[in-house]
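Based on the provided sequences and hints, a complete structural model is requested.
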Amino acid sequence: MIKQVLELLFGADPELRQIIGVTLRMSVLSTLISALIGIPWGVAMGANQFKGKAILSRITNTLMGLPPVVAGLIVFLILSRSGPLGKLSLLYSVPAMVIAQVVLISPIIAGMTSNIVSLRAPSINETCAGIGISGWKRLWLTIKECRIPFVTAVLAGFGRSIAEVGAVQMVGGNIQFKTRVMTTAIMMQTNMGRFELAVALGVVLLIISFVINSLVHRVQEQTQRDRTA
Amino acid sequence: MIVLRDVVQQFGGRIVLEIPELQFVPGKRYGLIGENGSGKTTLIRMLAGTSKPTSGRIEGLEGKKVGYLPQSPYAFSFSVLQNVALALNGHGDAKEIAQKALVAVGMESLMDARGDRLSGGEAQRMALARVLVRAYDVLLLDEPTSSTDVRSMDLIETTLKEYVQKTQCTLIFSTHSPAQALRLADEVLYLEKGRVVEQGLAETLFHSPQDERTKAFLRHWSLNS
Chain H
1 MIKQVLELLF GADPELRQII GVTLRMSVLS TLISALIGIP WGVAMGANQF
51 KGKAILSRIT NTLMGLPPVV AGLIVFLILS RSGPLGKLSL LYSVPAMVIA
101 QVVLISPIIA GMTSNIVSLR APSINETCAG IGISGWKRLW LTIKECRIPF
151 VTAVLAGFGR SIAEVGAVQM VGGNIQFKTR VMTTAIMMQT NMGRFELAVA
201 LGVVLLIISF VINSLVHRVQ EQTQRDRTA
Chain U
1001 MIVLRDVVQQ FGGRIVLEIP ELQFVPGKRY GLIGENGSGK TTLIRMLAGT
1051 SKPTSGRIEG LEGKKVGYLP QSPYAFSFSV LQNVALALNG HGDAKEIAQK
1101 ALVAVGMESL MDARGDRLSG GEAQRMALAR VLVRAYDVLL LDEPTSSTDV
1151 RSMDLIETTL KEYVQKTQCT LIFSTHSPAQ ALRLADEVLY LEKGRVVEQG
1201 LAETLFHSPQ DERTKAFLRH WSLNS
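Those protein sequence lines, which keep their order, are chains H and U.
Under the numbering used here, residue 229 is the last one in the first sequence; the count climbs by one each step, no gaps.
Under the numbering used here, residue 1225 is the last one in the second sequence; the count climbs by one each step, no gaps.
The hints are simulated quantities; they were obtained by calculation from the structure and are not laboratory data.
Honestly, I wouldn't trust all of these hints.
[Claimed, not checked] Below, in silico cross-link-like pairs of lysine-lysine (DSBU-like), each with a Cα-Cα straight-line distance of 35 Å or less:
| # | chain 1 | residue 1 | chain 2 | residue 2 |
| --- | --- | --- | --- | --- |
| 1 | H | 137 | U | 1052 |
| 2 | H | 51 | H | 178 |
| 3 | U | 1095 | H | 53 |
| 4 | H | 137 | U | 1064 |
| 5 | H | 51 | U | 1064 |
[Stated by the list, open to error] A short list of chain H residues far from chain U (calculated; beta carbon distances all over 12 Å):
| # | residue |
| --- | --- |
| 6 | 37 |
| 7 | 60 |
| 8 | 92 |
| 9 | 132 |
| 10 | 133 |
| 11 | 151 |
| 12 | 219 |
If you're wondering where the values come from, they're calculated on a predicted model, not measured in any experiment.
Each residue gets a CB set at the ideal place from its N, CA and C atoms; glycine is no exception.
Given below as structure tokens:
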């Protein structure tokens, strides 16, 4: 089996390459969109005091733990033929999977961003108030100061996205050469007893996961060094 | 004249500051002394506008230029020079003014260092330079020398005196060191448990305090200094 796995990994199996391609395309796109939503959402929560902040924070925390199948179900109902966006015919396509991922990942990025910002914002706000800096300039400085930890939040979002199975299975349908991603393929191949492809995909997934974790670790180390140097 | 009327500040139902009436005369230097939790920081933050009183009014700050140095100022991750120039907001001679301010607090050798890599004392001096690059009507400093060594403290006090002389601003600062209050302030306020226990000319308050609580605080300080 090892030989077959290696042949798959270093060979030119079109299905394996296609699955990896779809997975990366879906994960990168959903992470980017989630970052565009989650970072401003988190910054708004972490940098400011406003009425309703406590409830918004609780909703975000709840959404951070949203079960993937629930996210999948919500997006499925919205995109299904009788749903509000049924006319777009997006169900069982990569965009549908991206939407489901965005529903899952945006709150995670928002929650992490909010935590990062809320640690620094009080001190930045006091300092800026003391030297007459307010509004957008203060906000920009806050974002700039948190940029490195933001990378951690985005990478964590990507890690979650690439490892996701429930939601993408529900709205993507695991269609060969169309919406099949690494996780759904591993599940299906295992059920079919085709362990070679499942193991080969598992290895790729592990390597990607290792690279992401290494990047996160490096970013965290850098941040720690900056703070303690 | 800055006037506080019936000012109360509560956190979680606990009164942390209660001032029926208090006045600060323009151009004078006021030192706030008292133990931790006496309300010094709360009073300064309210005057700076970063904390709103639960009830009461603060008058006389409308339209005034107020500079404020918090107890834990933020050191941005760019250069020390840029940190200071930040307060000048694109002023034409920002670089030169910032350089002068840094020389005044003894930081000429650290201008290119990253702000977030400074020691506590250096960051405090940088933050003070950042505040002092502009002229204010009212200058609020919350323990400006809490992390600095004796030599730097001398330098900072001299710089502050020169700044106040030049700008004729009202200076209100808090300090853990009554000796510093004596050196820098015209008037000293002793705070305890959120209340101004005694206020008077610095020399008078130190040499003949009237309230027993002030006497006890100063006795404790002189025994430990």
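Hint-by-hint comparison with the structure:
1. H:137 <-> U:1052: Satisfied, since the Cα-Cα distance of roughly 22 Å is no more than 35 Å.
2. H:51 <-> H:178: Answer violated: residue 51 (chain H) to residue 178 (chain H) is near 45 Å, above 35 Å.
3. U:1095 <-> H:53: This hinted pair is violated, its Cα atoms lying about 40 Å apart.
4. H:137 <-> U:1064: holds (21 Å)
5. H:51 <-> U:1064: holds (29 Å)
6. 37: Given a closest Cβ separation of 26 Å, the condition holds.
7. 60: holds (24 Å)
8. 92: holds (46 Å)
9. 132: Since the minimum Cβ distance to chain U is about 7 Å, residue 132 (chain H) lies within 12 Å and the statement is violated.
10. 133: Its Cβ does come within 12 Å of chain U, the nearest being 7 Å, so this is violated.
11. 151: holds (14 Å)
12. 219: holds (14 Å)
When each numbered hint is compared with the structure, violations occur for hints 2, 3, 9 and 10.
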